[in-house]
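What follows is the residue order along each chain.
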Amino acid sequence: MDHTELTKYILEKFPGKIELLDTGKAEPFFKISADFLLDFCRSIHSDEKLFIDFLCNIGAVDTGKKFEVVYSVASVKNHIRFDFKLEQEYEGAEIDSIQEIWAGANWHEREVWELYGINIRNHGNLTRFLLPDDWNQGFPMRKNWDAPDFVRMPEQ
Amino acid sequence: MLQYLALASILFAIGIFGVLTRRNTIGILMSLELMFNAVNINLVTFNKYIGPDNLTGQIFATFVIVVAAAEAVVGLAIVLLLYRNWRGIEVDRINLMKW
Amino acid sequence: MEVEVSQLVFYLLSFVIIISAIYVVTLRNIFHSALFLILTLFAVAGIYIMLNAEFLAAVQVLIYVGAISILIIFAIMLTSQLANKQIRQSNEQVMIGIFICSGFLLASLGSIANTVWRIVEKPLPENNTLTMGKLLMNEFVLPFEIVSIVLLAALIGAVVLARKEGA
Amino acid sequence: MELANIFKYLYQSLANSGLPQVWVDIIALVAAGLIVFGVLAVIALFLVWWERKVSAHIQQRFGPMRTGWHGVLQTIADAIKLIQKEDITPTNVDRPVFYWAPIIAFVAAFLAYIAIPFGKGLIVSDLNIGILFIIAITTFTIISLLMAGWGSNNKYALLGGMRSAAQVVSYEVPMVVSILPIILFAGTLSMVEIVEAQAKIYQWFIFRVPFGPIAFIIYIIAGTAETNRTPFDLPEAEQELVAGFNVEYSGMKFAMFFLAEFVNMFTVCAIATTLFLGGWQGPFLPSWVWFLGKTLVLVFLLMWFRWTYPRLRVDQLMEFSWKFLVPLSFANLIIAGFMKHSKWFNW
Amino acid sequence: MKKLINGIKNLVIGLLTTGKHLGRHAITIQYPTQKWEMPERSRGIVVLLSDKETGELNCTTCLLCEKACPSSAIKIVYEKDEKGKRHLKDFIVDHGLCCFCGLCEEACNFSAIKLATKYEFSTYTKDDLLWHTNKLQEVGRDVPYEKVERKKPEAKPAAPQPTTATPSKPIAEKQSAKTGEAISPAEPEKNPELGEGAKPQEDK
Amino acid sequence: MNEYAAVLIFLFVGIGVVLFTFFLARLVRPSNPYKAKNQNYECAEPPIGSGWIQFNNRFYIFALIFVVFDVEAIFLFPWAVAFGQLGLYALIEMIIFIVILLFGLFYAWKKGVLKWV
Amino acid sequence: MTASKALRTEEFLVNMGPHHPSTHGVCRFLLTMDGEVVIKAVPYIGYLHRALEKICENRTYPQCLPVLDRFEYCTSMSCEYAFCLAVEKLAGIQAPERAEYLRIIMVELNRIASHLIWFGTTALDLGAITPFLYGFREREDILDLFEMTCGQRLTYNYIRIGGVSRDIPSQFIPKAKEFIDKFPSKIDDYVKLLNENPIWVVRNRNVGILPPELALSYGVSGPVLRGSGVKFDLRKDDPYSIYDRFEFDIPTGKYGDCYDRYLVRMAEMLQSTRIVKQALEQLPEGDIKAKVSPQFKPPKGEVYSRIENSRGEMGIYIQSPGDSKKPLRVKMRGGSYNHLQVMPEIVKGGKIADLVAVMASMDIIMPEVDR
Amino acid sequence: MGLIKKVPVYIEKFPGGGILTTSLDYVLSQSRASSLWYLLFGTACCAIELMATGASRYDFDRLGMIFRASPRQSDLIIAAGTITKKMSPRLRLLYDQMSQPRYVIAMGGCTVKGGPFYYDSYSVEKGIDHIVPVDVYIPGCPPRPESLLEGCLTLQKKIKKEKIADWS
Ligand code: SF4
Ligand code: SF4
Ligand code: SF4
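Protein chains in written order, with the numbering used here: chain B, 1 to 156; chain C, 1 to 99; chain E, 1 to 167; chain W, 1 to 347; chain L, 1 to 204; chain S, 1 to 117; chain Z, 1 to 371; chain V, 1 to 168.
Simulated from the structure, these hints should not be mistaken for laboratory data. Quantities reported herein were computed from a predicted structural model and do not represent experimental measurements. Keep in mind that the hints are not guaranteed to be accurate.
Pairs of lysine-lysine, DSS-like flavour, derived with a Cα cap of 30 Å [what the hints assert, rightly or not]: (1) Lys110(S) to Lys161(V); (2) Lys75(L) to Lys348(Z); (3) Lys200(W) to Lys340(W); (4) Lys192(Z) to Lys323(W); (5) Lys9(L) to Lys192(Z); (6) Lys326(Z) to Lys3(L); (7) Lys326(Z) to Lys291(Z); (8) Lys31(B) to Lys17(B); (9) Lys325(Z) to Lys348(Z); (10) Lys161(V) to Lys37(S); (11) Lys85(V) to Lys75(L); (12) Lys75(L) to Lys89(L).
Make the full structure from the sequences, and use the hints.
Right under this line is the structure:
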């Protein structure tokens, strides 16, 4: 499947629930709503034509206005790759865990929680792992984060 | 010669004491080994002073060592079993369990 | 002079034996007991040498120090709550124990002193390994083979006991 | 010409000085002890240096170069440095056990040299149970390892100690049984007599096919395992147990373990030389040169193993011993028995 | 049985393989006496280059390197004269921050800063790694370099391979033209962007 | 007797030499114990619990078998020494002896005791 | 089952790491052990969390490259490459032909160098010390090539957005050819030392078996995935750059144990030499860099770009706000991150020595995990 | 405190005592300098260069430096690689657990001052001299093996100058 076919296929499979973004430069980039995440993942995982069996990456983004969580997925069997993302407000950001579909999501989600403070529902093991155990300075990857010993690069 | 015998009996007595007072099964086994040794000292002493024509005493001592080894093997295997069953190898506890 | 030195060595060895044997039966830390057991046994090997039983001494060291005590230490590692050294290792029978063993001691020392020993002043056979080998193959052939049976039984017994499943 | 004569002369002059015989003997033995200690220390220092050189050249590097000529003083520097190192006794260790473990390790290795003939007449005491004595006395090494493991109050150390004990114990059987054919043919336990039984080169036990070479191979394998060297260096396996039983040791105590390790290695090779390679026997050169030369060749072999092979896993190690070496060595013994009986090779 | 023989065979092969190397010559370079010849492009320590004849620094205080530096290891202290021309007061490279990426060297249009092929600068104190102008100049004195035409942005110390140098030239020129638009090296005082850049500099 | 005096004296010499080096080291070495230094090493983490763990020692069974074989070995020594003066029957006796014990080994082997699970 | 199962001895916790010789840096495992057997292994990471992503957010695109070098230092070239590919996709830049070839030569050489580190450390972890030094000996030759080209041995900063920073010097090609020619014989030495060595085989065979389903579910990629028998290599299956012009095979394993992973990597080194050889032959003349201003601002957009690194899929996600010289977000994804996740699953019930073997065969490198 | 610290005070009173102490000093410090066993401690990129230095081309062993896995037996920490805030207590603990005399080499920018991670990083320790006393700093990112060797030689120079009397 090339990119246009793939885009068409996905858009037709989930009519109305999914939106194609124009920011994606290489592969199709979709946007879904947060509550649709689990269903979406389940169906792309089990769909015969897609068979997305490989989770490449989960990355959170702080755009300065809200959070985005970007999922990059691929199919080893069908050689497909695309991304989708969902948006979350600053306050009470919370997404579902997709570990049941791809076990490898575990740490990615933990990292999203730890560095951005986006809560992961049903994760089961949300404990510190990248930061020191006694870390109490908030979520460092947020854009507005600051701490006393944090030195910003001098502006040039 | 007498000194050897005396030594052996002291050792034996200490062994008896250990067997009587140790709570730990392994401790009892160790005390038993002491007693075996006391016996062996006697055997070898008699061999040297009373029957030096032959080495019968020493052979017997060797056999005693063998028996001690066999006893240790089986005894410790039993200890293992005890431990496995009751998570403890103290003798009085085993008594408590009506074994 | 020669005699005196050997007396001296004997007293040294007996001292080591008795002190460490007492430690064996009284120490709270059972691992230490095991180490003192080793010391006792080693000193006993010295006594064997004094009694011209070199082969037996080597056997003593090889079997007791090299094998049985290791087995004991392994068993200790396997079964005791080692971290807790303060566990009481002796039971309430201490007094009875002292009583019984001193009774025994008195009786045996007394009988040792009172017996008339017929001491034969004659050196032991030169090479006691060789002699023992011959003895084992001739007079003691049956016990010798029985030893193997005993060992086999011990081995099988231990294996069966050690691998028995569950409680 | 022979070192032994010098010692004899010294002993004689001591005896003539009018001291009571007992004291003469005691002084002679203490002197012998000190000499043996000195020789061992030099040998161990040399072996450490040599090992580093051998490994370096196998790996196309130089090894120590900057302390003395080609780094010959390197190990001496190491030793002096170790003397200066602080001696840490962690708080929770079992102090007496912790303290005595290295001493026992060294003394056990040291005592074995009473019965090893360095050359013709160069033996401290020709015990009539020689080889048995060495085997017996070296079992104390196991005890010292267990003590070190236990005394350190450290899980890695304990695991290392247990491993090494189990390992030494497992390889003890094939080692002993592989020695037996030699005793069978020599008919004695005395080291000197065993050497004398191999006066001609064809009498060397290693050349008595088939049992000789097999016994030799078994002995070398078991010896490697007994001295905890690769491929059997599990107790100290850096990648698994950090440094194994000596993880908590520093300064001189560590040095003692280190020394004992190399002395043990030398012991194993020295015994192999005595039993299989004719000991000090050899033409032209002084006997101790032959002895040292043969032993060092074997030491080199062990080093070569170490720098070539990966390490076995603990259970594989045990299985190898019990399932392969033990039956093989017994079979070898039986073969040797038949050969002895049928008077083959009884030259 | 076959497995056994095979195994022994392979063990022996292993021994022979290591044994083979035993006879070979070591490849070690014995460092303090023998030294590895550093390739010309090697990026050792950061130095300032000075003019061969006059002995003065090549630097024109254009601040490009400071901007390009990804770890902000360069600090340039300068003062402006009345014409707005900058005079270098102190050029500081913190070798504790520098990641030896070479971006400064590429950014400099005046062959004034370079990563020399020197590397032996361990010190007992941390502050000794903060190099000021004189030290940078001192160490850079004997560093060979090719004074590149002003228009060329990348000071190439190594003579580029003749075959490839020719085709790569046009880009280089174009690029310099582009950067030249933003920053005119000849008349730095007229560049508004640099003026802005100077402000936070003074804040420090 | 005198032969074995060497053992005793070497024992003392050995211990003495070691203790002497320890003493020498005490002269030159610094000593500065403090709490963190005296903590047990556990890969740069504070150790969890005591190091005296009571653990499942699977080596135990090997030690059991070893004892048996060690005892066997000591009987082989006199036999080996005396064999030259004995006849075929000694060989046969010994083979019986060995085989009986090897049977034990094979029993353990078959029972899977030698296999480490 | 022997005594072990029935024995209810104390299970004990033991730390392995962060300072442990075999954890390749600073990974820490909290092991629950039963004697020598690992019952449970919980990885603790973050001891090398250097906030690379945060740093990248505050750097201009060219300035990100030195930072990226430190993301996965064993194969810095790949990191730069992945990042540059992503930025190029984002901004629609096409690197010149010659640059593409140079990149591939460098990346493949770097892959060999990285595998040599793996080879050495694996051997070291399993107790063989000499192969470690042999591996590093060959690696030095590769580093010489790198150093003469870009001046650094480890953190190259060579591949740039739109091309490479410098053309190769004139001695490069003969030297590289010489290396390529002699390298297979060196591999031969390694094979002789380890491949068939019975000790090596028993240590690795049937140890740490990773079934393909588990591997995929955990996002395992690269040689580890191929060791499990899944024939998937981004260079072939999702070809980026000009990889479709080269002929090479994708070695795969069968059982997914440590030995297979070992074989796969050994074979991969040879395949990489093949690629380098072809690339050196086909190397065209021409530009080495498209024009990219140091101050350039890519258009608004986001891209996830992935390449086949020596440790698996290396992905870089970049979001560009469109009006800034600096990226809004750079997210790095390294293969080891997932490999380490799957490790607890496959070491369970093994010995502590198996854990070491598995760790070595996974070729985990901590900065990729911690970033 | 080693007893020997007091020894010079007594010996030097005798004729020739000064020479004795200096030569003792010389032997001791020389041997300390030529037998630096380093702790196997590497966290990041610099660790690879550390390994490369130990490998055949550069060969640490020439200087008498071999690695030990246990801090108890090592004399020197070569802090190779970034020390993060999470790691710094561990580094301190390792340093504490080394037996004295002990030395620290800070290898590479990260350990000197935070290197490329000084700015904008919330988790990198800005120089390990906050954690442990450092003897020698080596610039570089990573320092070449030669730089590291040079750093070790610098440290040796420093050690050779040490006197027994000023030990801690
Ligand atoms: S080399 Fe890089 S980090 Fe160092 S001063 Fe230059 S630009 Fe800055
Ligand atoms: S870029 Fe060159 S000329 Fe400009 S300030 Fe830096 S060193 Fe000086
Ligand atoms: S100094 Fe540079 S090379 Fe060394 S660890 Fe830090 S970033 Fe890596």
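So, going through the hints one by one against the coordinates:
Taking the CA atoms of Lys110(S) and Lys161(V), the gap is near 66 Å; set against the 30 Å cutoff, the hint is violated. Distance hint between Lys75(L) and Lys348(Z) is unfulfilled; the C-alpha atoms sit about 53 Å from each other, more than 30 Å. Distance hint between Lys200(W) and Lys340(W) is fulfilled; the C-alpha atoms sit about 18 Å from each other, no more than 30 Å. Annotation: proposed proximity of Lys192(Z) to Lys323(W) holds, straight-line Cα distance about 27 Å (limit 30 Å).
Of the pairs offered as hints, the one joining Lys9(L) and Lys192(Z) holds, with about 11 Å between alpha carbons and a cut-off of 30 Å not exceeded. Proximity of Lys326(Z) to Lys3(L) is assessed by CA-CA distance (about 62 Å); at most 30 Å being required, the pair is judged violated. Between Lys326(Z) and Lys291(Z) the alpha-carbon distance is near 18 Å, which keeps this suggested pair within the 30 Å criterion. A C-alpha spacing of about 9 Å is found between Lys31(B) and Lys17(B), which places the hinted pair at or below 30 Å, so the restraint holds.
For the proposed pair Lys325(Z) and Lys348(Z), the alpha carbon gap of about 48 Å is over 30 Å, so the pair is violated. Proximity of Lys161(V) to Lys37(S) is assessed by CA-CA distance (about 26 Å); at most 30 Å being required, the pair is judged to hold. At roughly 27 Å between alpha-carbon atoms, Lys85(V) and Lys75(L) fall within 30 Å of each other, so this suggested pair holds. Pair hint Lys75(L) plus Lys89(L) holds up; C-alpha atoms about 11 Å apart against a cutoff of 30 Å.
The structure does not agree with the numbered hints 1, 2, 6 and 9 stated previously, though it agrees with the rest.
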